[in-house]
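Asks: In order, the protein sequence lines correspond to chains F and V.
Each residue of the first sequence is one higher than the last, beginning at -1 in this note's numbering.
Each residue of the second sequence is one higher than the last, beginning at 2 in this note's numbering.
Since the hints were made in silico from the structure, they are not lab data.
None of the values given here were measured: they were computed from a predicted structure.
Be careful, since some hints might not be right.
Stated by the list, open to error - The list that follows gives simulated cross-link-like pairs (lysine-lysine, PhoX-like), each with its CA atoms no further than 20 Å apart:
{"no.": "1", "chain 1": "F", "residue 1": "224", "chain 2": "V", "residue 2": "310"}
{"no.": "2", "chain 1": "F", "residue 1": "243", "chain 2": "V", "residue 2": "161"}
{"no.": "3", "chain 1": "F", "residue 1": "243", "chain 2": "V", "residue 2": "317"}
{"no.": "4", "chain 1": "F", "residue 1": "224", "chain 2": "V", "residue 2": "279"}
{"no.": "5", "chain 1": "V", "residue 1": "286", "chain 2": "F", "residue 2": "224"}
{"no.": "6", "chain 1": "V", "residue 1": "279", "chain 2": "F", "residue 2": "243"}
{"no.": "7", "chain 1": "F", "residue 1": "243", "chain 2": "V", "residue 2": "319"}
{"no.": "8", "chain 1": "F", "residue 1": "143", "chain 2": "V", "residue 2": "186"}
{"no.": "9", "chain 1": "F", "residue 1": "224", "chain 2": "V", "residue 2": "294"}
{"no.": "10", "chain 1": "V", "residue 1": "294", "chain 2": "F", "residue 2": "14"}
{"no.": "11", "chain 1": "V", "residue 1": "224", "chain 2": "F", "residue 2": "243"}
{"no.": "12", "chain 1": "F", "residue 1": "220", "chain 2": "V", "residue 2": "279"}
{"no.": "13", "chain 1": "V", "residue 1": "147", "chain 2": "V", "residue 2": "112"}
{"no.": "14", "chain 1": "V", "residue 1": "294", "chain 2": "F", "residue 2": "220"}
{"no.": "15", "chain 1": "F", "residue 1": "143", "chain 2": "V", "residue 2": "190"}
{"no.": "16", "chain 1": "V", "residue 1": "316", "chain 2": "F", "residue 2": "243"}
{"no.": "17", "chain 1": "V", "residue 1": "110", "chain 2": "F", "residue 2": "104"}
{"no.": "18", "chain 1": "F", "residue 1": "198", "chain 2": "F", "residue 2": "104"}
{"no.": "19", "chain 1": "V", "residue 1": "161", "chain 2": "V", "residue 2": "279"}
{"no.": "20", "chain 1": "V", "residue 1": "28", "chain 2": "V", "residue 2": "164"}
What the hints assert, rightly or not - So the derived list for chain F, only partly shown, Cβ under 7 Å to chain V, looks like this:
{"no.": "21", "residue": "12"}
{"no.": "22", "residue": "124"}
{"no.": "23", "residue": "161"}
{"no.": "24", "residue": "208"}
{"no.": "25", "residue": "225"}
{"no.": "26", "residue": "242"}
For each residue, glycine too, the CB sits at the ideal point set by N, CA and C.
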Amino acid sequence: MKILVCISKTPDTTAKIAFTDNNTKFAEAGVQFILNPYDEWYALVRAIELKEADPSIILHLINVGGADADPIIRKALALGGDEAFRVNSDSGDSFFIASQIAEIAKQNNYDLIFTGKETIDYNGSSIGGMVSELLGLPYISLATKFILSGTTATINREIEGGEEVDEVTLPAVVSCQKGMAEQRIPNMRGIMGARTKPLKVTEPVTAETLTSIDSFELPPPKAGVKLIPADQPEELVRLLHEEAKVF
Amino acid sequence: MSVLIFLDQSEGHIKKNSLEAASYGAKVAELMGTTADGIVLGNVNDDLTALGGYGLKRIHSFKNDKLNHVDAQVFTDIIAEASERIGASVIIFSNNFSGKAIAPRLSVKLKAGLVSGAVALPEISKGFVVKKNVFSGKAFANVSIKTEKKIISLNPNSYKINKAEGKAAVVEPVIPDPEIRTIVKEVNKVVGEIPLSEAEIVVSGGRGLKGPENWAIVTDLAKALGAATACSRPVSDSDWRPHHEHVGQTGLAIAPNLYFAIGISGAIQHLAGVNRSKTIVVINKDPEAPFFKAADYGIVGDAFEVVPKITEAVKKMKGL
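All chains should be modelled from the sequences, with the hints used to inform the complete structure.
Replies: Put into structure tokens, the structure is as follows:
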């Protein structure tokens, strides 16, 4: 069995969000970049668990990005995985990125493709769905639990107000979120081993972009908090009713 | 070049998020000088003609037991066929769980650029530019869709439902029996609770509440307000509350009209999931809690004393 996990580089969750070049570019100066938490904590760790249960599983990682993504990919390899691909491109929209992933997937015939539920920078939640359509595979989105039995997967996925338990025959694409696995810290052996694992850099195939970002903006600052004395809760309720008009 | 809105249903009823999408889609159609249709998959008990009240001209209803649950692949194929047949140039989803499953697939199938998580109407004078949330609610991006066909998925609670009088025509196209590849074995829904993603008011508790046994003050206030309950990450990580209640950067991102944060300090990751709430109330005994900076109203005080009094005041005002 072969599994592909899609990983992305994102700003740290505490990074200051600012823009340059007339609000057309994210200000990267001084920002620490990390492995997208959904990709790392849920998609990658669950795939590693599957490989631990069945060492014959071959686990590949893929990133579409520039050379500055290599430290992130090495960190992912330190957690686990046999080898990684980096498609050398740091531009393009989600359709372009999905097209690159689908191309590598076609060459390697994966039984299972995992993505995180979304990246914490562009929040598109689109790559998994797009890859599945490009490959003509079933897509289970927002999975919270994944059990593999032969070529059948039983997957819990979140729906409004609850969960659905789905059964699907592989190959399939699954987007992963909280519940799938627990965050891990790479150990020294993993970090040392990751240095010699193959990281294959390939050039992107021709693909269109369907969208482009014209500009960014920051939300207007809050006017400031109105503090109400702790002994006057009725005043808070009155303000919410008469001023904020929320109920 | 009409507009087509996917109307998501659950247990026979059109979801509230989809009515927002319908109102939004009708407005997009008006801006484009065209009409808006809706598409419903599965068996729905609601009166579909009443969807005309949201500005929809026709409803394409695909009745079939096999379509009562979302299979992303099958739904994509049916929506793609319908949109081609009626000549839809803009397709609108709610960016809810179903929208996230279907819209990206449809984008590939129709080669239609997708903006997911839209928060405003498209700017048509500038081409077709849609404002969406990025950086987990900390910023917006204005995204141009460059393709002839376009897909927008609208963030829940970002557009007000517009209801007037009106009747839609209902058409029931006949399709071949769908081939479902994802088998739904079980559906487990929390009964009697308002789903977080649809709630207009959310009452949320954090570590400051000290343990799951103290949650009654949160649930009592939620009950009085008709609100959903939520929690911060440490609370769900400690299993004080179920995982689906976790709001924040790595949990659910929500944008209710009112968000009550009780005993939550307001870490940047938590704020990222809730800062689009229209009004934020923070109750915390620490006056230095960072959440106060993001709040509209605040009370510095002991939640165990303050919150039950707020609940009483709410009940009194509502005459409960």
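Asks: Each hint needs a verdict: does it hold in this structure or not?
Replies: Outcome of the hint check:
1. A distance of roughly 19 Å separates the Cα atoms of residue 224 of chain F and residue 310 of chain V; the hinted pair therefore holds under the 20 Å criterion.
2. Proposed proximity of residue 243 of chain F and residue 161 of chain V is supported: the alpha carbons are some 15 Å apart, at most 20 Å.
3. This hinted pair checks out: residue 243 of chain F and residue 317 of chain V have alpha carbons roughly 17 Å apart, not beyond 20 Å.
4. Only pairs whose Cα atoms come within 20 Å are accepted, and residue 224 of chain F paired with residue 279 of chain V is accepted, the gap being roughly 15 Å.
5. Of the pairs offered as hints, the one joining residue 286 of chain V and residue 224 of chain F holds, with about 15 Å between alpha carbons and a cut-off of 20 Å not exceeded.
6. For a cut-off of 20 Å, the pair hint linking residue 279 of chain V to residue 243 of chain F stands: about 11 Å separates their Cα positions.
7. Distance check on the hinted pair: residue 243 of chain F and residue 319 of chain V sit about 14 Å apart at the alpha-carbon level, within 20 Å; holds.
8. Between residue 143 of chain F and residue 186 of chain V, the direct Cα distance comes to roughly 14 Å. Compliance with the 20 Å bound is thereby established for this hinted pair.
9. Under the criterion of a C-alpha separation no larger than 20 Å, the hint pairing residue 224 of chain F with residue 294 of chain V is consistent with the structure, at around 10 Å.
10. Proposed proximity of residue 294 of chain V and residue 14 of chain F is supported: the alpha carbons are some 16 Å apart, at most 20 Å.
11. Distance check on the hinted pair: residue 224 of chain V and residue 243 of chain F sit about 18 Å apart at the alpha-carbon level, within 20 Å; holds.
12. Under the criterion of a C-alpha separation no larger than 20 Å, the hint pairing residue 220 of chain F with residue 279 of chain V is consistent with the structure, at around 11 Å.
13. The suggested pairing of residue 147 of chain V with residue 112 of chain V holds, with an alpha-carbon distance near 10 Å, which does not exceed 20 Å.
14. As the CA atoms of residue 294 of chain V and residue 220 of chain F are separated by approximately 8 Å, the hinted pair is consistent with the 20 Å bound.
15. At roughly 16 Å between alpha-carbon atoms, residue 143 of chain F and residue 190 of chain V fall within 20 Å of each other, so this suggested pair holds.
16. Pair hint residue 316 of chain V plus residue 243 of chain F holds up; C-alpha atoms about 16 Å apart against a cutoff of 20 Å.
17. Between the alpha carbons of residue 110 of chain V and residue 104 of chain F the distance comes to roughly 17 Å, so the proposed pair stays at or under 20 Å and holds.
18. The straight-line distance between the Cα atoms of residue 198 of chain F and residue 104 of chain F is roughly 16 Å, inside the 20 Å bound, and the hint therefore holds.
19. Simply put, residue 161 of chain V and residue 279 of chain V have alpha-carbon atoms about 13 Å apart, close enough for the 20 Å limit, and the pair holds.
20. Restraint check for residue 28 of chain V and residue 164 of chain V: satisfied, since their Cα atoms lie roughly 12 Å apart, inside the 20 Å limit.
21. With a least beta-carbon distance of about 5 Å to chain V, the hint placing residue 12 of chain F at the interface is held under the 7 Å criterion.
22. Hint status for residue 124 of chain F relative to chain V: holds, with the closest Cβ pair at about 4 Å, below 7 Å.
23. With its C-beta approaching chain V no nearer than about 5 Å, residue 161 of chain F sits inside the 7 Å limit, and its interface hint holds.
24. Proximity of residue 208 of chain F to chain V holds as hinted, the smallest CB-CB distance being about 3 Å (cut-off 7 Å).
25. At about 5 Å, the closest approach between the beta carbon of residue 225 of chain F and any beta carbon in chain V falls short of 7 Å, and the interface hint on this residue holds.
26. Because the smallest distance between the Cβ of residue 242 of chain F and any Cβ of chain V comes to about 5 Å, under 7 Å, the interface hint for this residue holds.
Comparing the model with each earlier hint shows no violations; every hint is respected.
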